[in-house]
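Enquirer: Listed below, chain by chain, are the residues.
Number of protein chains: 2
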Amino acid sequence: MATIRALCRAEQEAKVEPRSLADLNLPHAFKEVADLSSNSVVTEIEKCILAAAKSILAGHGFGFNVPSRSSANQIYVPEIDRIVLKDKSSVREFANSSSVRKTAITTRVLQLIHQLCIKQIHVTKRDLFYTDVKLFQDQGQSDAVLDDVSCMLGCTRSSLNVVASEKGVVVGRLIFTEDGDRIDCTKMGVGGKAIPPNIDKVGDMESDALFILLVEKDAAFMRLAEDRFYNRFPCVIVTAKGQPDVATRLFLRKMKMDLKLPVFGLVDSDPYGLKILSVYMSGSKNMSYDSYNLTTPDIKWLGVRPSDLNKYKIPEQCRLPMTDQDIKTGKDMLEEDFIKKDPKWYAELELMVKTKEKAEIQALSSFGFQYLSEVYLPMKLQEKDWI
Amino acid sequence: MATIRALCRAEQEAKVEPRSLADLNLPHAFKEVADLSSNSVVTEIEKCILAAAKSILAGHGFGFNVPSRSSANQIYVPEIDRIVLKDKSSVREFANSSSVRKTAITTRVLQLIHQLCIKQIHVTKRDLFYTDVKLFQDQGQSDAVLDDVSCMLGCTRSSLNVVASEKGVVVGRLIFTEDGDRIDCTKMGVGGKAIPPNIDKVGDMESDALFILLVEKDAAFMRLAEDRFYNRFPCVIVTAKGQPDVATRLFLRKMKMDLKLPVFGLVDSDPYGLKILSVYMSGSKNMSYDSYNLTTPDIKWLGVRPSDLNKYKIPEQCRLPMTDQDIKTGKDMLEEDFIKKDPKWYAELELMVKTKEKAEIQALSSFGFQYLSEVYLPMKLQEKDWI
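Line by line, the protein sequences give chains D and W.
Residues in the first sequence are numbered from 700 upward in steps of one, following my numbering.
Residues in the second sequence are numbered from 700 upward in steps of one, following my numbering.
If you are wondering where the hints come from, they were derived from the structure by calculation, not from laboratory data.
It is possible that some hints are incorrect.
Note: identical chains are not told apart, hence a pair may lie in one copy or across any two.
To be verified - Straight line, CA to CA, 20 Å or less: simulated EDC-like cross-link-like pairs of lysine to aspartate or glutamate:
hint, residue 1, residue 2
1, K1055, D1023
2, K818, D926
3, K886, E905
4, K953, D997
5, K1043, E778
6, K818, E1073
7, K818, E745
8, K900, D883
9, K833, E1015
Using the sequences provided together with the hints, build the complete structure.
Expert: Here you go:
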């Protein structure tokens, strides 16, 4: 526990927010978005529409300057360990047969967002689509324009009051307010508290935890919640139940930033588990314009790591052979900057691809149902066995 | 509100538990399971193993008497509106080459469950599988035997302390305890409380609600939670986010039984929405032995019903054409006892299949983002427009 305390202290003394793009003096310019208040979004939209109106009155018609979100305009910046968007953009003209539809959709989405921000309510992308099916035709079109609008206005999608559906749950040594309600996550039974879809309603985080335990799957979360693991090792336990959703990513980042705690990742020992860590840390490609707000820097890979399989003598029968697809995914990941920058992570993935073996967190159950909470994690934490 | 109050009163005055199989004097015998305490499960397992030991000592070898869970042994009983299991069973002999493996697996599962019930901890099916991968080979085998063991011991799967992963959330006028923690669902922000995987840790439900609103999807749940709909219409709002999971079904049933409140279903107007209501009400085929504990009788279909599409003038663009598969599913459902027994439900489904149109709850957003919470539901409830 002394070592975790030291790590925790180091984390709290460190300047946590140095990793801004502006500090780096990079050769490119970048497009990044920020969390804006509903009022600021309203103002930005009104500016945008006023400019269009002036342009029309001046006889020039109108168009929107839309940042490009294509992969050619994306880049991984190792210094900040995130995928970000370069500053290429193009004008979406109304008076152009190839862009008239998209310009009309953009205008309509701006109007809808304006309404949401004035009313201060949140909706899903699906709700947004249904407000004008005739124009949008399919949800892919309104979704894409929504991301364009984020980039145009320079704000996160959450600032637009369009939220993703929630999957995540949290339990442990965390108290926060949600829409005015005080939530104590040590008093959330074994099921935990559902992470809300709208992060802007979350505030006043307090905690006496020493670390955050980020768990890939529901089953491991359940085990730890039922055993009230956070009472023995003061921590906050969080899971998105598989693929990280936007709400859980925002919540994790907010915890890390507000509480200044180290984050330990507990995932399956397979390329997919590593992919999940990478989404939490470096972001996903299609939301690279918002990577700053969605990513949590410096997650430690606690386990289950490929080297754990022999170290903890996971029985042969509990190891699964990797499929051809798994091996291909693993090999592709070896080429990714995200892995290459860390020799220890690289070595682990290399070992996985070489042994062609994977294992789930549940494989630890072969030593007893509570091996995870009573042996594996305490040992890992005491031995500082994270990379 | 007066009408809902009357319905609520009727519900509370009614004998809620009259629908037992035993009361019906039916020609078949049935196999049903009950919630047993961990101690009782331990006793049942010990009895079972003692009988096996005696049989071995008497020179007869051993076997287990396992109820058949095949569809030939399942029947829908209209009087209680559930699928139940008839009493056919067969002996699983150890000294028979065709059943030796399954008998060994059954013995091992009994041993593992014994251990779980003594320790009073809960695990997932996946955890159970991993405790002896060599014997079980694949999870399908341990899962199937787990259901056999439920039937053999005459207890629910939850009583075995093997739980499903949770997906559901609840918000509104409900207070309950979970593993000793007091949870007030009016103070759960906008994200709500995650429904716990283990219903046996849930107790002391209290509520001043007039009804329970069962919502198919997350987006509608979010809308109602953010608008704090339960403050205007005193209710409890619950969703499993799509396909009902076991934890949410158990939780809904417990609310209905303990609080004696009417339940209103809000689902998409498509065969899948109706299917979801049917799973909550009548159970799913593969868990028919436990239909009593998993089903919630008498859910009212509030909406979105096929007749609502014209009544509420849902724009043409927000209605979707049914696919061939949808139409086939709809036609098949018209043949099901569950639908046939209620002429109003039958008429609605017939209309859906005839018009070949479906619509999601979100289609209501075409009238404004808050149309669902501010117009549609209040109108439905005031006009008693449920069937």
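Enquirer: 20 Å Cα cut-off: does K818 pair with E745 within a copy, between copies, both or neither?
Expert: within (15 Å within a copy, 62 Å between copies)
Enquirer: Given identical chains, is K953 near D997, meaning Cα to Cα at most 20 Å, within a copy, between copies, both, or neither?
Expert: Within one copy only: 14 Å inside, 43 Å across.
Enquirer: I want to check one pair: K818 and D926. Are their C-alpha atoms no more than 20 Å apart within a copy, between two copies, both, or neither?
Expert: Between copies, since 11 Å is at most 20 Å while 43 Å is not.
Enquirer: Pop the pair K1043 and E778 into one bin, within, between, both or neither, using alpha-carbon distances up to 20 Å.
Expert: Classified as within; 18 Å inside a copy, 64 Å across copies.
Enquirer: With identical chains, the pair K818 and E1073 could be close in the same copy or across copies; at 20 Å between alpha carbons, which is it: within, between, both, or neither?
Expert: So K818 and E1073 pass the 20 Å test across copies only (14 Å; inside, 49 Å).
Enquirer: Should K1055 paired with D1023 be assigned to within, between, both, or neither, using CA atoms and 20 Å as the limit?
Expert: Within one copy, since 9 Å is at most 20 Å while 43 Å is not.
Enquirer: Is the C-alpha distance from K833 to E1015 at most 20 Å within one copy, between copies, in both cases, or in neither?
Expert: between (57 Å within a copy, 9 Å between copies)
Enquirer: Is it within, between, both or neither when you check K886 against E905 at 20 Å Cα-Cα?
Expert: both (14 Å within a copy, 18 Å between copies)
Enquirer: Under a CA distance limit of 20 Å, which applies to K900 and D883: within one copy, between copies, both, or neither?
Expert: both (16 Å within a copy, 18 Å between copies)
The structure meets every hint from the earlier list without exception.
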